[in-house]
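These are the residues of each chain, in order.
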Amino acid sequence: MGEEKAEGKIAAGKGAWETVEDKFIEIFSSPKLAIFIFIILAVLSVFGTMIEQNREPSMYIAAYGDKWYGVIRGLGLTDIYHSWYFSLTLILLSVNLAVCFFRRLPPKWRLIRDKSVVMAEDAILRQKNSARLNHNMSLQHIKDSVFGLLRKKGYKVTTAETGSDVSIFAHRGAIGRIGSDITHVGLLIIFLGAILGSFMGFKGFATIFEGETKHIKEGGFELRVDKFWIEYYDDYRPKGFFSTLTVIDNGKDVLKKTIKVNDPLRYKGIWFYQSSYGQAWDRIDKARLFVYERETGKFVAEVIADFGKEIEVPNTNLKLKIIGFVADFFYDTASKEVFSKSIEHNNPAMQIEVYEKGILKTAPWVFAKYPEAFLDKSTKYFIEAAGYQAPQYTGLSITRDPGVNIVWVGSTLLTLGLFLSFFVIHKRIWVKIVDKNNKVDIYVGGNANKNKINFDKDFSNLINELNRIEK
Amino acid sequence: MINSFLWVDVTFWLYLASCAFYIFYGLFYKNNTLGQLGTVTAVAGFITNTLALGYRAYEAGHAPFANLYESMLLFTWATVLGYLMMEFKYKFRIIGTFVMSIVFFSILTIIWLLPYRYQNIDPLNPALQSLWLEVHVTTTFIGYAAFAISFGISIMYLLKNWVEKKSSDSGLKKFLLRFPDLNILDDLNYKSIAWGFPFLTIGVITGAVWANYAWGTYWSWDPKETWSAIVWLIYAGYLHARVTHGWRGVKTAVFAIIGFLAVIFTYWGVSFILPGLHAYA
Ligand code: HEM
Numbered sequence: 001m002g003e004e005k006a007e008g009k010i011a012a013g014k015g016a017w018e019t020v021e022d023k024f025i026e027i028f029s030s031p032k033l034a035i036f037i038f039i040i041l042a043v044l045s046v047f048g049t050m051i052e053q054n055r056e057p058s059m060y061i062a063a064y065g066d067k068w069y070g071v072i073r074g075l076g077l078t079d080i081y082h083s084w085y086f087s088l089t090l091i092l093l094s095v096n097l098a099v100c101f102f103r104r105l106p107p108k109w110r111l112i113r114d115k116s117v118v119m120a121e122d123a124i125l126r127q128k129n130s131a132r133l134n135h136n137m138s139l140q141h142i143k144d145s146v147f148g149l150l151r152k153k154g155y156k157v158t159t160a161e162t163g164s165d166v167s168i169f170a171h172r173g174a175i176g177r178i179g180s181d182i183t184h185v186g187l188l189i190i191f192l193g194a195i196l197g198s199f200m201g202f203k204g205f206a207t208i209f210e211g212e213t214k215h216i217k218e219g220g221f222e223l224r225v226d227k228f229w230i231e232y233y234d235d236y237r238p239k240g241f242f243s244t245l246t247v248i249d250n251g252k253d254v255l256k257k258t259i260k261v262n263d264p265l266r267y268k269g270i271w272f273y274q275s276s277y278g279q280a281w282d283r284i285d286k287a288r289l290f291v292y293e294r295e296t297g298k299f300v301a302e303v304i305a306d307f308g309k310e311i312e313v314p315n316t317n318l319k320l321k322i323i324g325f326v327a328d329f330f331y332d333t334a335s336k337e338v339f340s341k342s343i344e345h346n347n348p349a350m351q352i353e354v355y356e357k358g359i360l361k362t363a364p365w366v367f368a369k370y371p372e373a374f375l376d377k378s379t380k381y382f383i384e385a386a387g388y389q390a391p392q393y394t395g396l397s398i399t400r401d402p403g404v405n406i407v408w409v410g411s412t413l414l415t416l417g418l419f420l421s422f423f424v425i426h427k428r429i430w431v432k433i434v435d436k437n438n439k440v441d442i443y444v445g446g447n448a449n450k451n452k453i454n455f456d457k458d459f460s461n462l463i464n465e466l467n468r469i470e471k
Numbered sequence: 472m473i474n475s476f477l478w479v480d481v482t483f484w485l486y487l488a489s490c491a492f493y494i495f496y497g498l499f500y501k502n503n504t505l506g507q508l509g510t511v512t513a514v515a516g517f518i519t520n521t522l523a524l525g526y527r528a529y530e531a532g533h534a535p536f537a538n539l540y541e542s543m544l545l546f547t548w549a550t551v552l553g554y555l556m557m558e559f560k561y562k563f564r565i566i567g568t569f570v571m572s573i574v575f576f577s578i579l580t581i582i583w584l585l586p587y588r589y590q591n592i593d594p595l596n597p598a599l600q601s602l603w604l605e606v607h608v609t610t611t612f613i614g615y616a617a618f619a620i621s622f623g624i625s626i627m628y629l630l631k632n633w634v635e636k637k638s639s640d641s642g643l644k645k646f647l648l649r650f651p652d653l654n655i656l657d658d659l660n661y662k663s664i665a666w667g668f669p670f671l672t673i674g675v676i677t678g679a680v681w682a683n684y685a686w687g688t689y690w691s692w693d694p695k696e697t698w699s700a701i702v703w704l705i706y707a708g709y710l711h712a713r714v715t716h717g718w719r720g721v722k723t724a725v726f727a728i729i730g731f732l733a734v735i736f737t738y739w740g741v742s743f744i745l746p747g748l749h750a751y752a
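Taken in sequence, the protein lines are chains B and F.
Those letters in the first sequence? Residues 1 to 471, per this note's numbering, in order.
Those letters in the second sequence? Residues 472 to 752, per this note's numbering, in order.
No lab work stands behind these hints: they were computed from the structure.
Mixed in with the good hints there might be a few duds.
Derived contacts from chain B toward chain F, CB cut-off under 10 Å, selection only [said to hold, decoys possible]:
| hint | residue |
| --- | --- |
| 1 | 31 |
| 2 | 35 |
| 3 | 273 |
| 4 | 275 |
| 5 | 309 |
| 6 | 401 |
| 7 | 402 |
| 8 | 414 |
| 9 | 466 |
Note that the Cβ used here is the ideal one computed from N, Cα and C, for glycine as well.
Model the full structure from these sequences, guided by the hints.
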């Protein structure tokens, strides 16, 4: 008894589960859902382009006000493409695609493989295109001609014979029927690649000065920047940015390449892209300094000073030494410290120690853009920073995306599927030739899954040619 | 002096003439000569359009796809090519009335409305120096051209459908009698989109390949990319509505019109209204 009851319960449970499953499959194999999902994705994407994505809060507050910023942020609209509902929609689309694929492919595959050669006369005449002809010729002769004609038009032809009639089935372009499935699978593969990339890949950025080496921890090797430079067009617009990079693996130089925009370096699955560049904001290599007599304004000397090294100024008893540099001068009155407000060379300034007869007299800041701001009066000289050279750094984007090749495979399938689906048309033709005492009746019928106007033309050409066989 | 601007001017007048011939052919005369003149001037315009692009490439030393001015020339070129192929195959000259009007308005836009600086030949900024750019732009614009043609055909469909219902014997009705059968218009609409969709797809994919080389990500949701995806979704919707739900006629015509409006926004609206990476085209 008890056993029976338990069994009954299981059976009932299974039934309920099956209905759920059926329902699930019914919903998700429906192309209606697909269109609905397209609409949702399109609408969300429109939002994403109307509201700027991933900007700093102040920008949103300026544009929408405090209250609305709260709403927009709360709804995830500031990073909509990574919001849970956007991801969910993409997941639904994938499930939809997968269910659709598995539900629809088997019957389609059977249709493609189907070679029911023999078709009754009336069934042939019921096809979308059909005709009935007769000829005063032998069955065999007609059969050979029809066979040859269809073969010449690129059809795959199979025949079946009985004593009194011949059936012919010819078709071409069957593969076109699964074009849409290849497209759908391609899309699924793209999603797969994208997911793999987002979980297993990384994206980073590094600024590296010429001559410096950086440890790339994701790859366990070192990268050295040998050189960075810019090439210009005649009108001084930049033509290209170049970095010569060397990969050092296990202490050995293993790979050297000059990268530029659109031409990255690849090593062990990690890609290095030329992405930006700039000049150091906290040091320089050397500077050109002019020295004048303050009272008379008389030019005394020009020196090229290396950073951090004393240099004698000819015709004087001065020695100069550059001890500091900032690209964008800022003096913090609270801490009484100087630092660079930004990495831009907006207000470059260098601190120079001035020695007279070997004794440190002063260490003023000299402004490259504002020479008249040199007010130091500890010596009788006036120092001007006429130019400087700062070390250049190159800005590299560093990425690894193990999914990217999968994305390309999916893209190729997707495209291939589109061409199959739109341009390879499945055309089928059935012919039955019935022997009537040295005369024959010919029944011809056919259809195409697409581009029917075109097939109408094909078909009437075929009939014309069949009519002409006798001559 | 022979240069690209000269060829653009000549192309402008030829497209104007072609447009006028087609319109007169459709509206006023049951005269095939006018239609033939429309075709001849369209072919001539296509040739000078080709020369304009060629000279532009020669002067700039790179494929002429670097700014709006150049890409519009590519758009008119691809649209006229697509239309002429269609006319050659199906012989419905009347469609030229609509397609050549679109072409004429496009070239009018770049000659009169586009700020002059866009006509400058610019050296390619470093991100644009890639073969992928050329494939990306060409395929995208073949797609756009096909959608433009489907837009013209959809308008014809709606007009014809509207007037056929009214019984009055107006002049407009006589004009519309020249339109192909509604079923044929519907079919040609599908055919144009069946060309446009794969090419747009290749355009999006090659754009992704190029972005992957230039910036290290194949998809970064910048507005231009996103709008291409929206356009792509709209046409995918069109195809599914048609193939799986049997939508025909007015509904699909409206769909195709919405699709092309989205194309225009992707192409112009995004460049001028929304911020993003694709500032040039
Ligand atoms: C963005 C996603 C999708 C794209 C780009 C896409 C693309 C296509 C294309 C190009 C066709 C061929 C249309 C034609 O022959 O004119 C097609 C057909 C079809 N699609 Fe999709 N599709 C997508 C998603 C889906 C989904 C989620 C479903 C799930 C139900 C689906 C179901 C179908 C069906 C049933 C057909 C019928 C045509 C056939 O069986 O050959 N599609 N799709």
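Review point. Looking at the structure, which of the earlier hints fail to hold?
Key: 5, 7 and 9
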